[in-house]
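K.L.:
Listed below are the residues making up each chain.
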Amino acid sequence: MRLLVHNLLMCNKCDKNNYPLKIEVNKSVIMELEFKKDAILKLIPKLDFEVLSNTVRELGFKQFPKQIPPNVDQDLVFLKDLHRVLFETHIMDGQLTCPNPSCKRNYPITNGIPNMILTEDEQ
Amino acid sequence: MSRPESQLPPNLYYNQQESVKYTNCNRIINIQTQLSERAIQLLDLNLDECSLVLDIGCGSGISGFYLTQEGVNWVGLDISESMLNVAQQEKTEGELLLCDIGQGFKFRPGVFDAAISISVIQWLCVSFKKSENPYRRCTVFFESLRNCLKNNGRGVFQFYPENNEQINMITSAALRAGFSGDIVVDYPNSAKAKKLYLVVQLGGQSSKKTMDVIQGLVEESDDEKVKVIGRQQKKIRKQKKQKKVNEKSKLWIIKRKEKQARLGRKIKKTTKYTGRKRNNLGLFK
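Chains A and B are the protein sequences, given in the same order. The first sequence begins at 5 in our numbering and counts up by one. The second sequence begins at 217 in our numbering and counts up by one.
Keep in mind that the hints were calculated from the coordinates and are not lab data. Ideal Cβ positions, reconstructed from N, Cα and C, are used throughout, including at glycine. Worth double-checking, as some hints may not be accurate.
[Stated by the list, open to error] Cβ-to-Cβ under 8 Å is the rule here; a few derived chain A residues that face chain B:
hint, residue
1, LEU8
2, LEU13
3, GLY116
When you get a sec, could you build the whole thing from the sequences and use the hints?
P.N.:
In structure tokens:
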């Protein structure tokens with residue numbers, strides 16, 4: 005799982021207070037991917053940058069900016085960091101937890117794939 | 217050959233063996249490739265603006281591969297762990313999620329520009345457990361899609377309905393969720409080449425109560441024509457080989473006797489009198 009999908013995903017059970025899911029990482033891996041400037045620029049409006057920034061900092065990357073810098077289309081350093089964080093950091097093992105205190109449902113991540121399937125009772 | 221949908225639920229049907237076979241079989245790859253290309257063509261993406269597409273039932277990532285080629289980021293959902301593991305191995309560039317679309321899925325509202333699905337949504341119309349209600353699953357699926365698709369976002373779903381009831385179940389669920397659209401049929405006159413695509417848009421102008429079935433690709437490509445002629449020639453050659461035996465002839469009688477012998481019946485010996493022309497003497501008509 006990479007942080008791009010984490011920025012989009014909400015808890016499958018709850019309707020409110022179900023975003024963002026808390027990540028617990030047991031194993032992560034960096035896999036290099038070709039940097040495509042246009043693809044990343046198109047994606048920036050879709051991101052909840054505050055959530056992304058908080059998540060990245062919690063996972064250890066303290067230098068990640070809190071806001072999108074001005075003139076982002078020229079700021080290659082920022083774009084490369086963003087690329088690394090969104091596309092190259094794979095969480096292979098861990099779990100996602102719903103932030104809703106009355107839910108706290110755990111979604112396990114195995115082989116890099118989060119399991120969002122609910123049991124029969126939960127539907 | 218019975219449909220996969222009548223054999224096992226999809227997460228069990230697409231087990232490791234089937235997933236590996238699916239990914240290595242050239243015939244399947246070719247078909248899925250053609251379907252993906254056609255679906256992307258029907259989607260008519262504005263590539264300058266489109267950045268996120270939802271691939272429903274992404275499987276081992278064949279359709280996702282084409283989205284990546286178009287420069288589009290995608291998130292794939294699939295119910296089969298084995299298929300997703302294959303996609304992971306193939307290092308697909310999309311995001312992968314293990315999810316049952318009939319249970320619904322939740323993403324931030326309006327985050328996807330478009331949705332695509334190849335050979336998947338007919339699975340919503342069959343249920344393997346008492347707790348699964350196909351009508352409910354179709355409803356929940358389209359509602360989930362509506363929530364995470366942007367306004368005026370498009371969806372193209374190629375699917376294999378078993379009958380008209382399944383087509384109606386799916387189209388009515390889409391309409392109820394607020395989609396407008398049509399069913400596009402490619403090659404409607406060819407039993408083998410015929411393909412159905414549900415093409416929908418969120419919002420849209422008309423508030424039609426039903427969906428129209430409109431014709432897509434019609435002319436047979438040269439490949440199709442060659443295949444048809446080939447099949448006909450094969451049939452003719454086969455018929456020539458099986459030379460027809462005249463009824464009541466001696467050869468026919470001998471064949472009949474051999475068949476009866478194989479079945480274990482007692483039969484008389486074949487002699488020079490077998491099948492000989494007899495004088496009626498006016499006794500038998």
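K.L.:
Classify the hint on LEU8/A as holds or violated, based on whether any CB of chain B lies nearer than 8 Å to its CB.
P.N.:
At about 6 Å, which falls below the 8 Å cut-off, the nearest Cβ of chain B leaves the hint on LEU8/A intact, so it holds.
K.L.:
Could you check if LEU13/A really has its C-beta closer than 8 Å to a C-beta on chain B?
P.N.:
Interface hint status for LEU13/A: holds (6 Å vs cutoff 8 Å).
K.L.:
Taking 8 Å as the limit, does the beta-carbon of GLY116/A come near enough to a beta-carbon in chain B?
P.N.:
Where the cut-off is 8 Å and the nearest Cβ of chain B is about 6 Å from GLY116/A, the hint holds.
Figure legend: structure checked against the earlier numbered hints; every hint is met.
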